[in-house]
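Assemble chain B onto chain A, guided by the hints.
There are 2 protein chains.
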Amino acid sequence: MMKMYSETPDTARVVPLPDFLAQARTLVDVHLNLLLPAELVSPTKLHAAIRWSVFAGGKRFRPALLLAVGETFGVASESLIATACALEMIHTYSLVHDDLPSMDDDDLRRGRPTCHVRFGEATAILAGDALLTMAFKTIAEDDKLPATKRVRLISEIARAAGTPEGMVAGQAYDLEAEARPVAAAELETIHRLKTGALITAAARCGAIIAEASPAELAAITDYAGQLGLLFQITDDLLDVTATAEAIGKTPGKDARSRKATYPALHGIEATRSYLASTHAAACEPLDRVERPTDLLRAIADFILEREA
Amino acid sequence: MMKMYSETPDTARVVPLPDFLAQARTLVDVHLNLLLPAELVSPTKLHAAIRWSVFAGGKRFRPALLLAVGETFGVASESLIATACALEMIHTYSLVHDDLPSMDDDDLRRGRPTCHVRFGEATAILAGDALLTMAFKTIAEDDKLPATKRVRLISEIARAAGTPEGMVAGQAYDLEAEARPVAAAELETIHRLKTGALITAAARCGAIIAEASPAELAAITDYAGQLGLLFQITDDLLDVTATAEAIGKTPGKDARSRKATYPALHGIEATRSYLASTHAAACEPLDRVERPTDLLRAIADFILEREA
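Residue numbers (numbering that gives the first Met the number 0), protein chains in the order written: chain A, 0 to 307; chain B, 0 to 307.
Next comes chain A alone, as it looks inside the complex (with noise of 0.2 Å):
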């Protein structure tokens, strides 16, 4: 059991978020490869790609949020841990599948070559539709949970995943932008649901998870979304100003490929402006939770000042 911060909403929290992080991390990693099947596991290829793209270095931000929530909220983490992996699979089959050459084509993602380019494009197809697949089984079989909760949660997460509501509808949305001008209205729609989506679901699962009453649900959810909004706005201007050595890809790559971004719409000035206004829209619901939220809010500050 992952035991971070104090249960007690008065206590003052002893880690720092950093810490809170990287704890996370290792904990998601050891249990992504107990969930994952063994390299040595036939199909090998099948499954050497599958833990090429999951273990590429990744922040685990999902997982990690969901876990932030459900500590808010003093949950244990052996409740939590097994959604928080499927979260992170099915993000990863979404980055598997967006760097293919027909979608996205990226080469390189985190400095590596990505899957499709180390393992094959159509290796790296099954890869992405074994992961999706391998999440909603982790949910269904996750015995640390009653039946009702997991079924809220799959329906949850495939509602964020998919389509109208979800991601898939989101790249479809970035698809079609790319050959055409898009308005402001329209970025945000794309943005929200390409990434803000699953991440809202996370912030919700482990409120979910939690109990937590429909006030606080509510206001973790509005948190979640603004927090998303903040992750793509930082996402697009670090395309922008970061080096390619700083974030492992290709930079200004959206630009070229006239892909919608804030800065391309609105300016890099604007953007930062944006930005902030975003994080202080964020902290604000917190407000109406009656926990301490400082952890929630540090996420918030984090997402503000990355560099990658």
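Be a bit skeptical, because a hint or two may be false.
[Unchecked claim] Coverage of chain A stretches by chain B, computed from C-beta distances (three or more under 8 Å per stretch; other residues unrestricted):
id, stretch
1, 38 to 45
2, 104 to 113
3, 129 to 137
4, 140 to 152
5, 158 to 164
6, 196 to 208
Bear in mind the hints are in silico, worked out from the structure with no lab data behind them.
Predicted, not measured: the structure shown is a model, and the values here were computed from it.
Beta carbons: idealized from backbone N, C-alpha and C, even for Gly.
Same frame as chain A, now just chain B:
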């Protein structure tokens, strides 16, 4: 509610198999139409691609098998239909991804352009991803079944569709096998995973929803395992013997691409004799089911004699 067969074991069946299959297909199509996003809902191209692929004239064999097993155990179709539709979503996603240029590279399916030919490769990948996601959402949200049953069904189907025990693993083995000669035992494994696992899951889900006894579930599992094999052998034979018009795709394609098939490995005559013994092996376990199993036997006969 579909009521095609009497519930009392000793009453004679009144509806012949072709009528059962036609009614099952209509029932499944009506519900799929309700479950899938409308084409007018944005992103419209994605939803058009999903519907193009799902409503492509498929026989709905997996849903029909689930309905037939449920019917055999006296379960009303309203408790079966959501899971039946979920299976068809997964089957359709697998066809869409299989047809992609980097996989089987098929331009034609059931006499129509495949999804990526009609809508582009990126949209086809997303349509498959969306269908897989929607399948699990559909079962998770099926309020006709208790949550305990829903998680069991999701686990069952995810195992049958994923890796290392399911369809995606079978696809991966098949990819590996294309490059070199394949032994008979290996071919059996490929088919058992690639086609058999989901067919077996369909039958098992019907029995699970019906709360069949462990002995009955085992008998249904054995029946369906042989049925899946029967299905694959007839598929391979049809590819060699049928005309393009009858099967709606280019015949002989498997042989040209050096895919592992029964006729390629054993010859046509030995394959026909294997077909007969597999049919007998499919019917034998039904003696252990204390229900009227003529519907399930009729399905085995139907596959043995199918022409497309």
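Violating hint indices (sorted, rising)
2, 6
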